[in-house]
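With the UniProt record's numbering, letter number 424 in the sequence shown gets 424, and the count goes up by one each step, no holes.
What the hints contain is simulated information worked out from the structure, not anything from laboratory work. All of these numbers come straight from a predicted model, not from anything done at the bench. Honestly, I wouldn't trust all of these hints.
Ranges between beta-carbon positions, derived for each pair [said to hold, decoys possible]:
| hint | residue 1 | residue 2 | range |
| --- | --- | --- | --- |
| 1 | L457 | A497 | 18 to 28 Å |
| 2 | S180 | R208 | 28 to 38 Å |
| 3 | L369 | P495 | 17 to 27 Å |
Backbone N, C-alpha and C fix where the C-beta goes; we use that ideal spot for every residue, glycine too.
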Amino acid sequence: MSKQPSKDKILEAVAFADEDGVVPPVIAQLAAEGNQQVAAAYEVYVAGCDKKDFVDTLCRIAVIVPEDGAREHNGASEPVSALGEPLAAAGDGTAVPESPAAMRASLSAKLATEIKTYASRAREWYGWHFPEMSLIVPDDVAYSSVVIAMGDRANAATADFTGILDESTAALLRSAAVNSMGTELGETDVETIKGLCRQILDLTKRTRAHAAAHATAATPHQPQTETETEAAVSLAITATITSSGMLCEISATSNFVVTWLVLTILGVVAQFVLSGIPFWLLYVRPSYATWRWKTNGKYPSAWHVRNEIVEMLRSLWAATMCPALALWMSQHGMGQAYCGVSPASGLTVGYLAVTTVAVVVISDYYEFLYHWCGHRFSAMWSVHKSHHIYANPSPFAVIADEAPDQFMRSLPLLVFPLVIPINMDMMFIMYSVIFYGYGTYLHTGFELPFLSAHNPLINTSYHHHLHHALSIKNKPYHTGFAIKLWDNIFGSVYPKACFCVVCQHAAGKRTRAEYDAVVKPSYAPLLSPSFWLHGPPDAGLPAKAE
1 MSKQPSKDKI LEAVAFADED GVVPPVIAQL AAEGNQQVAA AYEVYVAGCD
51 KKDFVDTLCR IAVIVPEDGA REHNGASEPV SALGEPLAAA GDGTAVPESP
101 AAMRASLSAK LATEIKTYAS RAREWYGWHF PEMSLIVPDD VAYSSVVIAM
151 GDRANAATAD FTGILDESTA ALLRSAAVNS MGTELGETDV ETIKGLCRQI
201 LDLTKRTRAH AAAHATAATP HQPQTETETE AAVSLAITAT ITSSGMLCEI
251 SATSNFVVTW LVLTILGVVA QFVLSGIPFW LLYVRPSYAT WRWKTNGKYP
301 SAWHVRNEIV EMLRSLWAAT MCPALALWMS QHGMGQAYCG VSPASGLTVG
351 YLAVTTVAVV VISDYYEFLY HWCGHRFSAM WSVHKSHHIY ANPSPFAVIA
401 DEAPDQFMRS LPLLVFPLVI PINMDMMFIM YSVIFYGYGT YLHTGFELPF
451 LSAHNPLINT SYHHHLHHAL SIKNKPYHTG FAIKLWDNIF GSVYPKACFC
501 VVCQHAAGKR TRAEYDAVVK PSYAPLLSPS FWLHGPPDAG LPAKAE
C-alpha cells in the first residue's frame, strides 16, 4: 500500500494551481476532506505532470460536485459523500465514475508522451554533433545516459558506458565517434543538452516509480480491482505504442539527411530482396515447368539485367525523398504523419484500417493516371520512355526509371500526411513492400496459374508485359497498376487478340521442344565487378523506345 500524501501538501499544491483563480473553491474543501481523486491528481502532478494538466484535472473533478459537498445518487433522498469522482460517458450516454487507477494511468500516459517529445528534442540537438549515435543507441533512456557520460563525442574513447551499453555497442559507438560527420558544439551547448538529458532521466525515473507504486496499490476508500489494474497497464502500453514506430524512431534526430539516407538504404535492401528472390527462382534456375508460364518465351541477357539494376539504383534517392521529407516535417510540427496507434486521439486500429484501404485505392488510381499521362503527353514521355528500353523486363525493372518518375510516383507519401493523419509505417510498408512486391510480380514476365489474365478485376503480369512490349507514345495500353477499372474507363485496353500463356497453351504452343530451343543465358557475370564496370565486348544498351 502506497503512502498517502499529506493534506497540507495537497492544499499547498491546490493553492499554487489556483494562482489564476480558475480552480473551483470546492476543490480546496475536497482536499481538506482527504478526497481520493484530488490526492491521485496531486500524486501525478508531483511525478512530473505540468501545471495546466493538473488544473484541468481539478476542474474535471469539481464539475460534478455541488458546492455543499454532496450530490444525489440514483434519485435517492439520502446524499452520498462527495468523493468527487470524475465522470466519463458510458456507451448508453449515462455518466459513470472514472476510477482513480484509470485517471492516474491516463495522466501518466500523457506524461510518457511528453517525455518522448523531450527525448526527440535531445536527439535533434545532439544529432547535429553526433548524428550516427541515434541509430546505434535507439533507446531514449540509454541515449540520454550516454550523452551525460560522454558530453562531446571527442570523449567517446575515454567515457565509461558501463551499465548503459554492452561492450559491442560501446565499441561501435566509439568507432563511429572518430569518423562522425557531425558538426562541433561549444561547451555551453553540450552542457545545455546534458541538462535536458538529466531532466529526461529524472522524469522517466519518477514516472516509472509512480507507476510501480500504484500498479498494485489499494486505498482505504476504494480498492483497486483487477480490471482497473489491467486498464492501467493497457493505457501504459497504448502510450508506448503511440509514441513509437519504426519510422518515428528513424527520424527521432529530426536530421533530414540522416532520415533520407536510412530510408534509401532500407529501400535498396527491400528491392534486392523482393526482386532477387523471383529472379533467382525464375531466371537463374529456369525450368520447363516455370517457362510454360512466361509470357515472352525469351530470357533477357545478363547485360540487360545489369542495366535495369543500374537504372534502379541511379535514381532511388528520388523515391525516398518524399517519405523522408514527410517525417522531417512531422518532427517540426508540420503535417499529420504519425506512427503506431493512439486510441485517445482517434488514431485507432479501425482508423488505420480505413486509411490503409484509402491509400491503396487512391494510390492505384494516381499511379494509373500518372502512367497514362506519361504515354499521352510528349514532355512526360521524354522522361518515361527510358523505362520502355526494357521490352522484356526482369524483376529488377520495377523502378528502373528516371529520377522525375521516381519522385512523382512516391509523391503520395508526402501528400497524404499533409491532408489527413496518416501512419507512416503503414505508408512505407505499403509502398516499399506491398506495392513494390506486386510491381515485382508484374515485371517478372511470368503469369500465375491461379490468376487468369481474363479475370475482370486485377491486372496480371501478362498485361504489364504487353504494356512494355507494345505501349509507346500515344498508345497507353494497360497503364494501370493493380486495378483494371481505370484502363476500362479510359479506353486504354489492348484491342487485338490475347496472347497470354493460357491462350498460347490452347493453341498448342509452349511445348518441351520449344523450351529446349530457347537460349538460357548465364547470369553468373552479375557477380563479377569487371562485368559491372566494363561489360562483355559486345555490350550495349537495348534500342531506345520511340
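Hints and how they fare:
1. Between L457 and A497 the beta carbons are some 22 Å apart, a value that agrees with the proposed interval 18 to 28 Å.
2. Restraint check, S180 to R208: a C-beta distance of roughly 32 Å satisfies the suggested window 28 to 38 Å.
3. For the pair L369 and P495, the beta carbons lie near 21 Å from each other, so the given range of 17 to 27 Å is met.
Against the hints set out earlier in the document, no violation occurs for any number.
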